[in-house]
Structures are given as structure tokens and as C-alpha cells.
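Assemble chain B onto chain A, guided by the hints.
Protein chains in written order, with my numbering: chain A, 330 to 440; chain B, 19 to 134.
Since no wrong hints were added, every one of them can be taken at face value.
Between beta-carbon pairs, the in silico distance windows are: (1) B:ASP47 - A:GLY381: 24 to 34 Å; (2) B:SER60 - A:THR336: 11 to 21 Å; (3) B:THR25 - A:THR342: 32 to 42 Å; (4) A:PRO337 - B:VAL96: 35 to 45 Å.
Here are some, though not all, of the chain A residues that point toward chain B, as calculated from beta-carbon distances under 10 Å: (5) TYR364; (6) GLY371; (7) GLU383; (8) TRP427; (9) PHE431.
Read the hints as simulated data drawn from the structure, not as lab findings.
Just so you know, even glycine gets a beta-carbon here, dropped at the ideal spot from N, CA and C.
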Amino acid sequence: DSGVTQTPKHLITATGQRVTLRCSPRSGDLSVYWYQQSLDQGLQFLIQYYNGEERAKGNILERFSAQQFPDLHSELNLSSLELGDSALYFCASSVNDWPQHFGDGTRLSIL
Amino acid sequence: AQKITQTQPGMFVQEKEAVTLDCTYDTSDPSYGLFWYKQPSSGEMIFLIYQGSYDQQNATEGRYSLNFQKARKSANLVISASQLGDSAMYFCAMREGTSGTYKYIFGTGTRLKVLA
Numbered sequence: 330d331s332g333v334t335q336t337p338k339h340l341i342t343a344t345g346q347r348v349t350l351r352c353s354p355r356s357g358d359l360s361v362y363w364y365q366q367s368l369d370q371g372l373q374f375l376i377q378y379y380n381g382e383e384r385a386k387g388n389i390l391e392r393f394s395a396q397q398f399p400d401l402h403s404e405l406n407l408s409s410l411e412l413g414d415s416a417l418y419f420c421a422s423s424v425n426d427w428p429q430h431f432g433d434g435t436r437l438s439i440l
Numbered sequence: 019a020q021k022i023t024q025t026q027p028g029m030f031v032q033e034k035e036a037v038t039l040d041c042t043y044d045t046s047d048p049s050y051g052l053f054w055y056k057q058p059s060s061g062e063m064i065f066l067i068y069q070g071s072y073d074q075q076n077a078t079e080g081r082y083s084l085n086f087q088k089a090r091k092s093a094n095l096v097i098s099a100s101q102l103g104d105s106a107m108y109f110c111a112m113r114e115g116t117s118g119t120y121k122y123i124f125g126t127g128t129r130l131k132v133l134a
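Just chain A, same shape as in the assembly:
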């Protein structure tokens, strides 16, 4: 058990919709990272937060946004969903500047 909790585990929705993915980091970890894993794109880093502040930004689309709250949990918001957004979305946390503890992921399916 990594100590990182992601909800929901599965999400099925339609094109054009908006969803929110949630991540609770391991106790004591201040950094939260979001990744997208798809067959087409492989593993893509989206964004990192550290203690509520954005720390690093990767290939995150403008339709996507994220934030980290004072209790350190993070949410990834995906809007105007397209078929190509179907993927496994991972959250990870760490005390360092590299992702160490991963959640089980949220599998997003766009119909």
C-alpha cells in the first residue's frame, strides 16, 4: 500500500463533459504529481504541486486544470472531454522532488 489514495477508480463519461479526479497524498508528503498514461501517448507528466503551489508543469492541456488544497489533497479537473482523453490518470506524492509513491490510478473512459 503506497498510502496514496485516488478516487474514483473508474470513470465513464461522454464527450464534452467535465470530470474531477481526486488524490490524497501519503501522510507527510507535500508534493503531488499528476500523470496521464495512454496507449497513444505513453506516460506523460501533467503537473506538480508542492504545498499548495504549482511547482512544475508538463504537457497539460488548457482544458485540464489542477489544484492542491490546504489539507494537501489535490484535484485534477478535465473539461470538454474528447475521446483521446481516455487514459489512466495517476497521482503520485513525495517529500522530495521526484515522484515516489503512486496511487492505483483512475481509469477514465470517454464514450
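Frame of chain A, contents of chain B only:
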């Protein structure tokens, strides 16, 4: 150009043997970090090992070691005494840039199958 290259899409190794998974990287930053992750068929991502660009010694974590050859820009993962549970997808990754502008890049992965 690919920033992280894993040239072995798939590999087989006999149980109890050692195996090396190749990874080459490309960056002009003097400060960077290299990582390996394991993803079993169950889907979770497991951090294995980290090597900083300024680290003098090769990183080791139990049966995992990272063969860091800076001049060749390679960061191969060596797994000693392979076990059946090592069968998984392995990803090499790099962090480049400075704090506040970090980029994390992943390779396409190597699927390792350990044979009994």
C-alpha cells in the same frame, strides 16, 4: 529527438539470473535526475531507484542498481537474481530543469518476462 530512449521493447530472463534494461537520455541541463519505475500487469506504478546527475556513486536499492555512465548518457537498470515477481513493464524517466521549471519525461518502457 527522444529525450529518453529505451531500445528494448521486450526482454526475457531466466529466474535467478541478472538482467540489464537499457536507457539512454538526452539533456543539456547540467543538473538532472534519472529514475526507474516498475509497472506490474496489475497496473500500479512502483518507484525503484533514483540517480542524480552529480552523484558520484551508482545508486543501489536492494537487488536494483543503476549503471550510470554520464559521458555516454546512459542509465541502465540492473536487476540481480531475477524473481518471477519481477515480470513487469519498466520505465526509465528523467527530470530536467530547475526547481519551478522541472520537466519529467518517460521512456516507452521495456516489458520484462522472468522465466521459471
